Amino acid sequence: MATITTPRKSVAVNPLKQSQPLGAALAFLGLKGIMPLFHGSQGCTAFAKVALVRHFREAIPLSTTAMTEVSTILGGEENVEQAILTLVEKSKPSIIGLCTTGLTETRGDDMAGILQGIRKRHPELYDLPIVFVSTPDFKGALQDGFAATVESIVKELPRSGETRSNQITLLVSSAFAPGDIQEIKEIVADFGLTAIAVPDLASSMDGHLDDDYKTVTSGGTPLAELREIGSSVYTLALGESMRSAAIALESQFGIPYEVFPSLSNLDAIDSFLKGLADLSGLPVPEKYRRQRTQAQDAMLDTHFFFGRKQVSLALEPDLLWSMVHFLQSMGAEVQAAVTTTKSPLLEQLPVKTVTIGDLEDFEQLAVGSDLLVGNSNVAVVARRLSIPLYRLGFPVFDRLGNGHRCTVGYRGMMQLLFDLGNLFLEQEEAQAKH
234 MATITTPRKS VAVNPLKQSQ PLGAALAFLG LKGIMPLFHG SQGCTAFAKV
284 ALVRHFREAI PLSTTAMTEV STILGGEENV EQAILTLVEK SKPSIIGLCT
334 TGLTETRGDD MAGILQGIRK RHPELYDLPI VFVSTPDFKG ALQDGFAATV
384 ESIVKELPRS GETRSNQITL LVSSAFAPGD IQEIKEIVAD FGLTAIAVPD
434 LASSMDGHLD DDYKTVTSGG TPLAELREIG SSVYTLALGE SMRSAAIALE
484 SQFGIPYEVF PSLSNLDAID SFLKGLADLS GLPVPEKYRR QRTQAQDAML
534 DTHFFFGRKQ VSLALEPDLL WSMVHFLQSM GAEVQAAVTT TKSPLLEQLP
584 VKTVTIGDLE DFEQLAVGSD LLVGNSNVAV VARRLSIPLY RLGFPVFDRL
634 GNGHRCTVGY RGMMQLLFDL GNLFLEQEEA QAKH
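Oh and the sequence shown: position 81 is 314 in my numbering, straight run, nothing missing.
Simulated from the structure, these hints should not be mistaken for lab results. Some clues are possibly wrong.
As the list claims (entries may be wrong) - Below, in silico cross-link-like pairs of lysine-lysine (PhoX-like), each with a Cα-Cα straight-line distance of 25 Å or less: (1) 585 / 388; (2) 242 / 507; (3) 282 / 242; (4) 323 / 353.
As the list claims (entries may be wrong) - Computed Cβ-Cβ distance ranges for the label pairs, DEER-style: (5) 345 / 613: 38 to 44 Å; (6) 665 / 580: 37 to 43 Å; (7) 340 / 661: 42 to 48 Å.
Bear in mind that the values here come from a model prediction, so they are computed numbers and not experimental data. Yeah, the Cβ is synthetic: ideal placement off N, Cα and C, and Gly gets one too.
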């Protein structure tokens, strides 16, 4: 059982966390034909858009209600209405994802009433799905906004239908990159199952060239598939933060679920494949049996470099859980664990202390570590402490290929072993006396 500490200071120094609206935008980008819409000032939207563009190096559809000082005082209903009508006219989205910001949350806009009034005045919007999610950026973090958005999606869009014995729903947390989701989808397909991934960043943020320019997402989970989620036979929630969305599907459609907090260590991957084998009634395909032996060999090759290494982590809770268990399974020790927001997982982590804090806290705790793990903002800390950094999480803006990185499944686990093992090996070579 870990002790959770939250430093009592009146300011965040070098913040680690990203905002809830940014997490909401990231989740919405996994739906096909969507236009995420921030109800707030232009600056809020610009900040999120820049962060997403730098991470994925892709054009990001993101719009704003452009609140000003006057509209903030008098009310933002007209801004929301005009923004929606403009988007429908110019972008023709299949779905609009509407999320709040700190500005409008503080003001206390009645969003349900606003949307109801807009639909009443504009009957042509009746068939347009508008998914609303409350994402105040003065509390919580990216993972909270992402999870709240997925929960809103599965509450708003699915319809009841006849159960399909080979269809399952994958609820994917913010801990999984597009490359991770693609690997998971391929694994599920190899068991003869059809998966509806929510959100499916693998087909929207994977870095591909379209035939023509689109003002909305060209990939992701289509609305037609989202409607069919109620017909799934089972829900696999990938990441603890997806539990509430899975519970929502269970209560609404009676679909049972299972939560897999991690897919990056041998035991977790074995459990996932066993679950798929039980669902499909098929044995584990030979290719994964082969990959498992390769992963075991990789563990043997690299464990000399992991043993008793001190690693400090600055990650969102779901990703923190995954990396702690991966590192400890290889004999490494977690010196410091700093995260962004509360989670039921934190107290269960097999470490002494978890700090909900910023990068100032992380820098103080990480002194003397052999390796740091965190996003690109941690690079400043790594340089000051002269400690190698493995970039993971969001945002990663000083490395290429974030849409294709994979750290799940046996192949992803092997890549993680080799990436970290090579950092440890390089460090040992640099310290060796020649």
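State the violated hints by number, sorted upward, taking the hints as numbered earlier in the document. Result: hints 1, 2, 3 and 7 break, sorted rising.
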